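Using the sequences and the hints given, assemble the complete structure.
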Amino acid sequence: MAGTLAEKVWDAHVVRRAEGEPDLLYIDLHLLHEVTSPQAFDGLRLAGRPVRRPDLTLATEDHNVPTTPGPITDPVSKIQVETLRRNCEEFGVRLYPMGDADQGIVHVVGPQLGLTQPGMTVVCGDSHTSTHGAFGALAFGIGTSEVEHVLATQTLPLKPFRTLAVNVRGQLPAGVTAKDIVLAVIAKIGTGGGQGYVIEYRGEAIEALSMEARMTVCNMSIEAGARAGMIAPDQTTFDYLEGRPHAPTGADWDAAVAEWTALRTDDDAVFDAEVDLDASALTPFVTWGTNPGQGLPLSDSVPDPESFADESDRLAAANALAYMGLEAGTPLRDIKVDTVFVGSCTNGRIEDLRAAADVVRGHRVADGVRMLVVPGSAKVRLQAESEGLDKIFTQAGAEWRLPGCSMCLGMNPDTLAPGERSASTSNRNFEGRQGKGGRTHLVSPLVAAATAIRGTLSSPADLQTAGQPQGELASATTGEA
Amino acid sequence: MEKFETHTGVGVPLRRSNVDTDQIIPAEYLKRVTRTGFEDGLFAAWRKDESFVLNNPVYADGSVLVAGPDFGTGSSREHAVWALMNWGFRVVISSRFADIFRGNSGKQGLLTAIVAQDDVELIWKYLENNPGAEITVDLVGRTVHAGEIVALFDIDDYTRWRLLEGLDDIGLTLRHEDLVADFESARPSHKPVTTPA
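Note that the protein sequences, when read in sequence, are chains A and B. Take any residue in the first sequence, count from 1 to its spot, add 83: that is its number in my numbering. Take any residue in the second sequence, count from 1 to its spot, add 1: that is its number in my numbering.
No lab work stands behind these hints, which were simulated from the structure alone. One should not assume that every hint holds.
Residues of chain A placed beyond 10 Å of chain B at every Cβ, according to the derived structure [stated by the list, open to error]:
#1 Asp125
#2 Leu198
#3 Gly224
#4 Asp359
#5 Pro388
#6 Leu409
#7 Gly451
#8 Asp473
#9 Glu482
#10 Gly515
#11 Pro543
Reference listing, derived: stretches of chain B covered by chain A, where coverage requires no fewer than 3 residues with Cβ under 8 Å from a Cβ of chain A [what the hints assert, rightly or not]:
#12 17-27
#13 66-78
#14 99-113
#15 149-159
#16 163-173
Fair warning: this is a prediction, and the values are worked out from it, not measured in the lab. Glycine is no exception: its CB is placed at the ideal position from the N, C-alpha and C atoms.
Okay, here's the thing in structure tokens:
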């Protein structure tokens, strides 16, 4: 029978299927970090249960770690990280601690090691596990009870997800990135639009993306409410994987590639829903509100809450404008920021840093603006330094940091002060996400870098025309978006 | 897990849509390594506002939260469920829940009752006109009773059965350990392991 990519991966992992019950799915890779695992290990200890497959489990320290040199100073953060270390030792789980050459944000580390491969099931107690779907894996975030369940059984009872195709047709214009695609998708379908679905991103614009750009797209699937996002594996995927530490070799590689090549949605398969987006009409996208669906092209203005047809959208927009300290009608390009953050599991990979560095090169960060550049992993940091990117950033007046989740969420010392405004390459603009009272605009690395230089939300095109009126720039709309 | 059949308690109207888990419990409160004590972080930012509903003493014993659509979006943190339960909530009513939050709730015994938005509006009005009024949530009959209002709610059959029986998921799965072992023995050899390559 014809099937979609998601259905094929699902079906290949069913351990048990019974009428009226969820399917029991086998989990190929379980990633752990310090925040959502302590209570799960505690549960195992109480029940006297071991970790069934420590060899399919990997832990890293990321959410709490400071990005400046030195130990963790917050005593509560310290306890959480120490608890992870103790748990990993007691249960025999491999851990990449702070300072290790392979440490980093959990969703950067898995792909970088070649552990994330097509056709796998990947879970982690973190909603951005959807990142790994870029390889054609079925990857999704789980809660702590489910973390305990996977530790104990290497399986999860799950009800099948519905399937949603997001067809991104045409070619992306220059200066428009994967981040702009996914922000436009979320603005189009809303934060609840993907609920209950696995999204498969398809179409010419998706096929043209690099692996890292595909990870950016899949990463934010959860921001549309979807459990997972997937992209069919192709030569780009295989080229990225070949030679990585945990990728198969020799005859295993050939067998794997043969299997992976078949992982495609059949031509006659039917999705439960489909959405179309015209890539060629996209322009740089930014959020203006307090959920990731509240986004618009940078060339637009802060919307009037009264312009929303739905009452709860009107109320949400009014609340968002009050929290963000914005007035309806203000051009987005006029919004001044205090902080620019480049990093996170969404945009903390080497290509993201290269893109930001290219924009920053030869410029200075605007007066009164703080720019933080935080590599997604220790390996990304080393790579960037070997290319001299760190120098480009520091010479421009930006701060070059150690790897971690950093300012994506206020769990470590990198936070916004109340009322402070950021342009951030991370994934959530929720109230207080980057620190109590902090105001977040989600942007691509290109927009983040240009914003740091001009001090107001900007795209690299604005730098080339500096001093000229901005009005006629990029008046394009997002078309269907 | 405790069995859940019916619950009667003070209803708390929360007129907000898109209540994400960062609002339910901000990241700075996630550092405990236990499952208790998270009530101090529940809606921490909103509780600073005196007019916030949970600051009204009539709702001090609130145990049924009645919220707008898309409740529990965002981060997968189960701490959001613990915070609600540590505070004393046993039920959340909304017309739409985020998937991960709903799953986490089911594992912990927090009932997420899906009620049509028109009925949520009626219940809000009833609670606002009768502050501190009690609501009864009947999982057997899948109904919410608020004064004269009787609203049906949705919940999937399997979660309902587990809540009614108070069953633990891991115990249920371990009954099929032989099937897990069979599956494992047939996995392709090219699948990766995390131990040193």
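Each hint tested on the structure:
Once the 10 Å rule is applied to beta carbons, aspartate 125 of chain A is inconsistent with being away from chain B; the minimum gap is 7 Å. Once the 10 Å rule is applied to beta carbons, leucine 198 of chain A is inconsistent with being away from chain B; the minimum gap is 5 Å. Distance check for glycine 224 of chain A against chain B: the nearest CB is about 4 Å away, which does not clear 10 Å, and the non-interface claim fails. No beta-carbon of chain B comes within 10 Å of the beta-carbon of aspartate 359 of chain A; the shortest separation is about 24 Å.
The Cβ of proline 388 of chain A sits about 13 Å from the closest Cβ of chain B, beyond the 10 Å cut-off, so the non-interface label holds. Non-interface call for leucine 409 of chain A relative to chain B: holds, since the shortest CB-CB distance, roughly 18 Å, exceeds 10 Å. With 10 Å as the threshold on Cβ separation, the claim that glycine 451 of chain A sits away from chain B holds: the shortest Cβ distance comes to roughly 26 Å. Listed as outside the interface, aspartate 473 of chain A is consistent with that label: its C-beta sits roughly 28 Å from the nearest C-beta of chain B, beyond the 10 Å cut-off.
With a closest Cβ-Cβ approach of about 21 Å to chain B, glutamate 482 of chain A is found to remain outside the 10 Å limit, as its non-interface label requires. Here glycine 515 of chain A does not stay apart from chain B, with its beta-carbon only about 5 Å from theirs, under the 10 Å limit. For proline 543 of chain A, the shortest C-beta to C-beta distance to chain B comes to about 30 Å, beyond the 10 Å cut-off, and the non-interface label holds. For a cut-off of 8 Å, the count of residues in the stretch 17-27 of chain B with a CB near a CB of chain A stands at 7, and the three-residue condition holds.
With 8 residues carrying a beta carbon less than 8 Å from a beta carbon of chain A, the stretch 66-78 of chain B meets the three-residue requirement, and the given coverage holds. Using a Cβ-Cβ cut-off of 8 Å, 7 residues of the stretch 99-113 of chain B lie near chain A, which meets the minimum of three, so the contact claim holds. For the stretch 149-159 of chain B, the stated coverage by chain A is satisfied: 3 residues place a CB nearer than 8 Å to a CB of that chain, which reaches the threshold of 3. Given as covered by chain A, the stretch 163-173 of chain B passes the check, having 3 residues with a CB less than 8 Å from a CB of that chain where 3 are the minimum.
Of the numbered hints stated above, those contradicted by the structure are hints 1, 2, 3, 10, listed in ascending order.
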